[in-house]
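Chemist: Numbering (the working numbering), first residue to last: 1 to 147.
Everything labelled a hint here was simulated from the structure, so no lab data went into it.
Note that CB positions come from ideal geometry on N, CA and C, so glycine has one too.
One or more hints might be untrue.
Pair ranges (Cβ atoms, derived) [said to hold, decoys possible]:
1. Val43 to Ser80: 31 to 37 Å
2. Arg91 to Arg57: 46 to 52 Å
3. Ala116 to Ser80: 21 to 27 Å
4. Thr95 to Val56: 56 to 62 Å
5. Ala72 to Val45: 48 to 54 Å
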Amino acid sequence: MTLVIPAAVTVRPPEPMRNPLPTLRLGSLKFRLMLASVALILVSVALTVHFTLREVRRGTERIVLESREDDARRLAAIVSRRLIGLQRALRAAATTMPRAALDEAPLAIEYLEANAVLRTMFSRSSWSRSMAASSRSRTATACAAPR
């Protein structure tokens, strides 16, 4: 077998590869549609993030408000129990309190200081403030009443 080699073989440089996809021109319809699609995707992501964050904030605020409401209920129950106890003590003390002490604050304070149980339940400052307030209201009512 003989091998025949041609005398002049011309070697051509390889052709540049053609892009199977046409290039996008800035004014083409495809380019404008692509930009519109990207813009819609970005807007939808931004809206989703906005609404999600708003719901998370509302949920957090709701949890904080419920916690504060529970704290307020607990405090109200404590204050209620304390007030009921003080009212019972006042009712019990009112049966033994002299009639003259009901109208005059100094006599009421003297009675309170003489009674050890009431003295521990009501501090002197709160007793004197409440007596002063009640005597002021009685004075205002008496002044406003027709004669």
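Chemist: Look at each hint and say if it fits the structure.
Modeler: A quick look at each hint next to the structure:
{"no.": "1", "hint": "Val43 to Ser80: 31 to 37 Å", "in the structure": "violated (54 Å)"}
{"no.": "2", "hint": "Arg91 to Arg57: 46 to 52 Å", "in the structure": "holds (50 Å)"}
{"no.": "3", "hint": "Ala116 to Ser80: 21 to 27 Å", "in the structure": "holds (26 Å)"}
{"no.": "4", "hint": "Thr95 to Val56: 56 to 62 Å", "in the structure": "holds (60 Å)"}
{"no.": "5", "hint": "Ala72 to Val45: 48 to 54 Å", "in the structure": "violated (41 Å)"}
In terms of the numbered hints stated before, the structure departs from hints 1, 5, listed from lowest to highest.
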